[in-house]
Amino acid sequence: MALITDRRSLLTGAAGLGAAASLGACANARVVGFDKSRKSIDIANSSEPLSLDPHKATGSWENNIIGNMFIGLTTENSRSEPAPGMAERWEVSEDLLTWTFFLRRDAIWSDGEPCDAHDFVFAMQRILKPETLSQYASFLYPLKNAELINNPPEGTQALPAEELGVTAIDDFTLEIQLEHPAPYLPQLLKHYTAYPIPKHIYERVGDDWIKPENIVVNGPFKLVRWWSNYIIHLEKNPQFYDAANVVMEHLYFYPQNDVQAAARRVLSGEAGWATRFPSNQVEVLRRDLPGYVRVSPYLTVNYFSFNMTRAPFNDIRVRQAMSMAYDRDFVANQIYRTGEQPAYKFIPPGVYNYASTARYPWSEQPLAERKREAERLLREAGYGPNNPLRFAFSHRNTSDNPRVAVVAQNDWNSIAPWVTVELRGVENQVHYANLRAKNFDAGDGGWIGDYNDAKNFLYLFESRTGAQNYPSYNNPVYDQLVRDSDTERDDQRRAQLMLQAEELLLSEAPICCSVFINSTNLVHPDLTGYEDNIEDIHRARWFGIRA
Amino acid sequence: MLALTVRRLLVAIPTLLAIVAAAFLLMKAAPGGPFTLERQLPPEIEQRMQAKFGLDLPVGQQLARYLFGSEEGGGLIRGDFGPSMTYKDKNVIEIIAEGAPTSALLGLGAMALALLVGGGLGVMAALRQNRFQDYAVMALAIAGVCLPPLVVGPVMQLFFGVQLEWFPSQGLFRDEFALPYLVLPIVTLSLPLIAIVSRLMRASMIEAMRSNAIRTARAKGLPEAAVIWRHALPIAILPVVSYVGPALAGVMAGSFVIETVYQLPGIGKQFVYAAQQRDYTLVMGVVLIYSFLIILMNLAADIMYRVLDPRTRTA
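Residue numbers (this note's numbering), protein chains in the order written: chain A, 1 to 547; chain B, 1 to 315.
It should be emphasised that the hints constitute simulated quantities derived from the structure, not laboratory data. Backbone N, C-alpha and C fix where the C-beta goes; we use that ideal spot for every residue, glycine too.
No farther apart than 27 angstroms at their CA atoms in a straight line, the calculated lysine-lysine pairs in the DSSO-like style are these:
1) K90(B) to K199(A)
2) K129(A) to K52(B)
3) K90(B) to K28(B)
4) K90(B) to K236(A)
5) K28(B) to K52(B)
6) K129(A) to K199(A)
7) K90(B) to K129(A)
8) K236(A) to K36(A)
9) K199(A) to K211(A)
10) K236(A) to K211(A)
11) K211(A) to K39(A)
12) K199(A) to K144(A)
13) K211(A) to K129(A)
14) K199(A) to K52(B)
15) K129(A) to K144(A)
16) K39(A) to K236(A)
17) K52(B) to K211(A)
18) K52(B) to K90(B)
19) K90(B) to K211(A)
20) K199(A) to K236(A)
21) K438(A) to K28(B)
Restraint ranges, calculated between C-beta atoms of paired labels, are given here:
22) P361(A) to L150(B): 46 to 52 angstroms
23) E235(A) to L150(B): 33 to 39 angstroms
24) R204(A) to P43(B): 32 to 38 angstroms
25) P43(B) to R359(A): 33 to 39 angstroms
26) A64(B) to S37(A): 55 to 61 angstroms
27) E131(A) to L150(B): 42 to 48 angstroms
28) L57(B) to T98(A): 44 to 50 angstroms
29) E154(A) to V6(B): 53 to 59 angstroms
30) D484(A) to L150(B): 54 to 60 angstroms
31) L17(B) to D171(A): 52 to 58 angstroms
32) A64(B) to R483(A): 42 to 48 angstroms
33) Q163(B) to D526(A): 22 to 28 angstroms
Throw the hints in and build the complete structure from the sequences for me.
Following this line, the structure appears as structure tokens:
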């Protein structure tokens, strides 16, 4: 063995190792985030999907992926409005309780098997079966018998899934019966809970049907690989009925929990679309990435809950005082920087068929006046220098929430010297556990609508909603209004009922509305077919490439 | 040697059980659970989910169920790590199998680099004790220990990835495995290791060079290279070996920081996310892998000791 024979060469050898190690391979295949020749796009998606099974998914980031693989009876157009999907057209009965869908005859699964009405019946029965453990099954409760199958009242036997009001009249005609008129049914049927699943595969492999080696899809893209916490790769499905009009060949989704990293990925050219960016960097991003920044109103409201089960918030005056004294304009303009709207009402503007005129009655008053009024209310409720008001404000210690909490604390402390608010920031999981256990005084939270209808917001404070009714608001009048809106057939009268419910909510103040959040995306300016919309749903099927 | 190996592996079983029990109880002490979500589950569904994973049982029974399985089978003793509690379509083994290759490659690469570079630098510093080379190496070592990967990582990305464009700065080239993508993370991960290894190596090399054995070797008239390579190095490397064992287990079990900064699919990241989301079974799985690696690497270090140092063979 030829040993190094003197110290000098030994030393050079040792030093050389460092240099040698850094000269690895320099073959540098770089990821191009929006590759026009390969027709691929890399997408910084907000989080890691926990399931790609449409019956088990729960998040918008999962929807971003799943919605490119499956097509429901209705589907989204590029503005996320309901459009014919697997159903070419539909008819509604006189009493609005029976809907008949006529399915397209050219649709097949990606393995060539026909995708027909039986797959829909099978899928809707599966999601409602209790043993499927679907977290979103309640979505389909407007369907006849759905609730009795999924979650029967205590002490009664669950109905068999075959009793569900969904029937295949023939291979291409599907009849859906409802519990009550639901004019928003086309909205609801484009949601992933109503997607079909391949009956023939499921019968062979069971719940493993979703694994990459088994899965077949009826939508524009199919699953190639899912590498946990790293990447999901979809490629174009040539068997899709409208494949001729699908431009993109490859979609790569990265779970990007960190908004800064999402923006960096776009900045470095390694992603063509990020589904979020840090709102306080909007000016920099507008400058560095001209044409990328997309801000749009979103179906989301941030609000604070007051725990009505105990003092001090069991007193309506205290709740009203806190709602009044909170400076939502400041939060909307200074904390969020992408044109968010202060929430002087609960339901976000732009909700379908709901032109709300609801507003806090004091919304026009200047803040100083509102704070004086708040002090008066608190004194009336028995608080003062001799009986100071103290409570804790619990908040999530993620993203902008801690900064919002400081503003709220400051506003409330400034009502009077004898008001003291203590902040308690905890991680999300703990925070929501506390809210549900009513282990809080006041606490922040947010709600993203699942479908574009006011009902999806108002139901939160129905007494039957249970633990998720964080303030424990319980008002029979409110409950009745929301329930009546379910059975009202006339759109305008229905909106009127929901408006009354919203106004009641604002005046009794179980919650303090904070800010309507905008959706924020970074999108390559040469990507066509991406249109801003209130649901923030953008299907790659409509994407194109500007030369 | 064989007896030692078998004995040590047998002792490992109760050790692992104790670790499992401790980790399990610690995890249960954290508030919240896998189904405490922003959007609350209907109580019925939540009960069913809890029942599916046995979360409605007392903690003792949960642990027993995890170890020995239920009527439907499973259980750690049968090699079943169970289903993930957050991933609905994957089980723990599948998730770990997706992350482990990257983490193991990173760890092995970083350690190999650390041994070569750190070892080399340490030897150089020892042979040039109290001279310029020595001070330079030790200054580098201090810097290497003091600068955490959280700082070094992004700087390297920016400098070598974005500005010089020598190496790709994140990921693994989509869903393919491209080795150049591992260069920067390996270097980042190895810097603190290089620092520690070089300091250890320097100290023990200095000591070894002063020992009677080396004086004897020189007196026999052996060439200096043979003295260093054949006689001093095997003695001097012993402390490094005992450090490398557990350290290798540590780096192979994944680094959350490296994997997050470089956007790599490793088990370090999975472990942290699983803990945040209270995915009990996945956390347990990674803890087990890690403990097993530690035990294995310690054993390997002991065996190496015996090979390198005749004095330990009779002990």
